[in-house]
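Novice: Input sequences plus hints: build the corresponding full structure.
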Amino acid sequence: DSGVTQTPKHLITATGQRVTLRCSPRSGDLSVYWYQQSLDQGLQFLIQYYNGEERAKGNILERFSAQQFPDLHSELNLSSLELGDSALYFCASSYSGSEGYYGYTFGSGTRLTVV
Amino acid sequence: DQQVKQNSPSLSVQEGRISILNCDYTNSMFDYFLWYKKYPAEGPTFLISISSIKDKNEDGRFTVFLNKSAKHLSLHIVPSQPGDSAVYFCAASSGGYQKVTFGIGTKLQVIP
Numbered sequence: 004d005s006g007v008t009q010t011p012k013h014l015i016t017a018t019g020q021r022v023t024l025r026c027s028p029r030s031g032d033l034s035v036y037w038y039q040q041s042l043d044q045g046l047q048f049l050i051q052y053y054n055g056e057e058r059a060k061g062n063i064l065e066r067f068s069a070q071q072f073p074d075l076h077s078e079l080n081l082s083s084l085e086l087g088d089s090a091l092y093f094c095a096s097s098y099s100g101s102e103g104y105y106g107y108t109f110g111s112g113t114r115l116t117v118v
Numbered sequence: 237d238q239q240v241k242q243n244s245p246s247l248s249v250q251e252g253r254i255s256i257l258n259c260d261y262t263n264s265m266f267d268y269f270l271w272y273k274k275y276p277a278e279g280p281t282f283l284i285s286i287s288s289i290k291d292k293n294e295d296g297r298f299t300v301f302l303n304k305s306a307k308h309l310s311l312h313i314v315p316s317q318p319g320d321s322a323v324y325f326c327a328a329s330s331g332g333y334q335k336v337t338f339g340i341g342t343k344l345q346v347i348p
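Residue numbers (this note's numbering), protein chains in the order written: chain Y, 4 to 118; chain S, 237 to 348.
Read the hints as simulated data drawn from the structure, not as lab findings. Misleading hints may appear alongside valid ones.
Cut-off 25 Å, straight-line C-alpha distance, at most; resulting in silico cross-link-like pairs (PhoX-like, lysine-lysine) [unchecked claim]:
1. Lys292(S) - Lys343(S)
2. Lys241(S) - Lys343(S)
3. Lys343(S) - Lys12(Y)
4. Lys241(S) - Lys60(Y)
5. Lys290(S) - Lys304(S)
6. Lys343(S) - Lys307(S)
Specialist: Laid out in structure tokens, this is it:
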């Protein structure tokens, strides 16, 4: 157990629907990152939050949004889902957000299947 | 634009031998490089890192080598063990507060 909790572990939904993925960071960590891993793709950075505020944005679609709440948990909202959104979505956390040097702690991921 | 490239999707090695996983990068601004290991149904776990001011970093059986002029790094695992069978991601960042960019991974199989 890495200490980063992602729910649900699996999600199957239809095209056009909206889903919410949840992440609870490791205790004490202030920064949360979301990554997407599609088939044969690396981990694509989506977005980073630090202590409730957006810090960095990657290749995140406009149909996707995220937020980090006062208790530091984060949610990734995916709407108007398409078949191509099927992927593993990982959340990672770190203490200060400067851990590009020391590595993040990842959760076990949410596998989203859009049918 | 794939800034971190792992050109070998898979690698098979006999137990006890050396495993060498390679990674190339294109962004000259990268100054920190990391390797993560991922088992099925788990998230990636941080393995080892190296700063651009060094050319080698060692941690037990794992050694990472960095060749800045060639924009190339490699991970050596000696001796390889069956438990090392996993997907290995190469990653890089430019400055501690910047996002980490990952490669697509190399699946290592260590054969007993």
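Novice: Indicate, hint by hint, whether the structure satisfies it.
Specialist: Hint-by-hint comparison with the structure:
1. With a C-alpha separation of about 23 Å, the suggested pairing of Lys292(S) with Lys343(S) holds against the 25 Å cut-off.
2. A distance of roughly 14 Å separates the Cα atoms of Lys241(S) and Lys343(S); the hinted pair therefore holds under the 25 Å criterion.
3. Distance restraint check for Lys343(S) and Lys12(Y): the Cα-Cα separation of roughly 23 Å lies within the 25 Å cut-off, and the hinted pair is therefore satisfied.
4. Annotation: proposed proximity of Lys241(S) to Lys60(Y) holds, straight-line Cα distance about 21 Å (limit 25 Å).
5. For the proposed pair Lys290(S) and Lys304(S), the alpha carbon gap of about 9 Å is at most 25 Å, so the pair holds.
6. For the hint pairing Lys343(S) with Lys307(S), the CA-to-CA distance comes to about 22 Å; that is within 25 Å, so the pair holds.
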